[in-house]
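S.K.: Could you build the full structure based on these sequences and the hints that come with them?
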Amino acid sequence: MSDSPALPVFILDDEEIPFTPGQTIIQAARAAGKYIPHLCWHPDFAAHGSCKLCTVKVDGRMGAACTVEARAGQVVENRGPELDDKRRTLLQMLFVEGNHFCPSCEKSGDCVLQATAYELGMMSPHFDHFYPDRPVDASHPDVLLDFNRCIMCELCTRASRDVDGKNVFALSGRGTASHLIVNSESGRLADTDFSVHDRAASICPVGVILKKRVGFATPIGQRRFDVRPISAQVEEDI
Amino acid sequence: MDAPKKKLRVATTSLAGCFGCHMSFLDIDERLMALLELVEFDRSPLTDIKHCGPCDLGLIEGGVCNAENVHVLREFRRNCKILVAVGACAINGGLPAQRNHLDLRDILAEVYHTSPGLAPGSAIPSDPELPLPLNKVHPIHEVVKIDYFLPGCPPSGDAIWEFLTDLLAGRTPVMGHGLLHYD
Ligand code: SF4
Ligand code: SF4
Ligand code: FES
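For the record, the sequence lines run as chains C and G.
Residue numbers in the first sequence follow the numbering used here, run continuously in steps of one, and reach 238 at the last position.
Residue numbers in the second sequence follow the numbering used here, run continuously in steps of one, and reach 183 at the last position.
Since the hints were made in silico from the structure, they are not lab data.
Where a beta carbon is used, it is the ideal one built from N, C-alpha and C, also for glycine.
Misleading hints may appear alongside valid ones.
One side of the interface only, derived from the structure: several residues of chain G facing chain C at Cβ under 10 Å [claimed, not checked]:
id, residue
1, Thr165
2, Met175
3, Asp183
Straight-line distance between alpha carbons at most 16 Å, and here's what the computed EDC-like set of lysine to aspartate or glutamate pairs gives [claimed, not checked]:
id, chain 1, residue 1, chain 2, residue 2
4, G, Lys136, C, Asp133
5, G, Lys5, G, Asp56
6, G, Lys5, G, Glu37
7, C, Lys57, C, Glu82
8, C, Lys52, C, Glu82
9, C, Lys57, C, Glu69
10, C, Lys211, C, Asp137
11, G, Lys136, C, Asp128
12, G, Lys145, C, Asp128
M.R.: What follows is the structure in structure tokens.
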């Protein structure tokens with residue numbers, strides 16, 4: 001009878017978190033049921049590092065919990081007024097950069113961006129709005145794209161490339177002009193081999209990639225984040 | 001032994017709003033009676049007062065979509081110690097701001113001039129009595145300084161109640177799970 005050797009631990013907000021060497025801080029935290037705010041990280045995919053919502057203080061220095069490896073004895077600060085203030089600012093930047101009119105968005109109540117903003121108590125977008133004008137792509141029979149809500153997490157890009165083997169999506173442009181595009185000569189989704197059954201069709205954490213004819217099916221009060229705040233759903237998949 | 005407290009004066013208005021935030025305010029139901037022990041109303045769609053006088057609190061629903069909205073908003077800012085943006089429209093322009101990517105002249109022409117079913121000779125209204133629409137719809141914080149934001153489309157009666165009772169008690173309002181929502 002042999003006890004498995006004790007895992008090394010690091011400290012996350014005063015609690016010991018065990019980890020398997022090679023795990024990132026966010027992976028170990030999730031396994032321990034601890035919520036670190038994040039948008040572009042997904043347990044099934046490699047880290048992306050674009051949203052910066054997962055920023056924590058590792059031994060006093062800022063680092064992205066989705067990219068920094070866990071090490072024995074690290075002291076990690078996660079939830080607290082200082083970091084949550086900065087996270088709120090990042091969220092406000094994402095909200096004004098797009099057209100997030102939640103009252104008419106069929107992802108409302110089921111949206112990771114919105115739920116994260118609730119979790120962090122974002123009361124206003126603070127900055128002036130960009131009001132982008134990126135035309136909707138409704139060409140595909142089963143899926144609609146509203147690019148004005150894209151947070152450029154590239155989960156769709158990663159899912160389409162790495163899981164579906166199709167490479168339907170990509171980011172294009174530089175700086176504030178960066179935006180999601182569809183890889184077909186016409187730029188239209190209908191002219192790709194994209195299917196509603198692809199992993200990429202259901203991976204978008206916000207309301208860009210929407211299945212047609214199923215919107216507003218869940219009663220208000222029963223939508224995913226009506227029921228419990230996002231911080232209470234750490235181990236459930238999106 | 002306590003002298004009756006001076007009631008706080010509250011003004012409310014709807015700019016490019018739908019009156020839904022005011023209806024949600026009335027959704028506090030009989031708590032309105034408790035509120036009336038603490039506040040009295042200045043200019044509001046619920047009173048007959050034409051201009052906002054000195055007030056402790058101003059509640060604004062709706063974004064800014066025309067010239068008159070700008071005048072009213074500035075009048076409120078001049079007179080209210082605390083100004084609150086209530087609802088999605090006041091906060092980010094709301095659904096009316098979906099017109100921001102369209103050309104205003106095209107919109108007006110389509111509605112008043114070219115759309116089928118209009119009487120012959122119909123034209124875009126041009127009487128100077130009418131406030132000119134702005135090119136784009138704006139959140140109110142782009143025009144005047146706003147002290148607090150209460151999101152929701154509309155915020156629920158419970159959220160408005162929680163918000164007002166916090167504010168009237170001198171606390172920074174904090175909306176917990178279920179009260180804070182943007183839809
Ligand atoms: S994507 Fe999310 S945050 Fe954006 S409008 Fe839809 S529900 Fe709101
Ligand atoms: S469409 Fe959705 S999944 Fe793809 S990059 Fe934009 S927000 Fe991310
Ligand atoms: S989750 Fe780490 S940067 Fe987005």
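S.K.: If you test the structure against every hint from before, which numbers come out violated?
M.R.: Failing hint: just 1.
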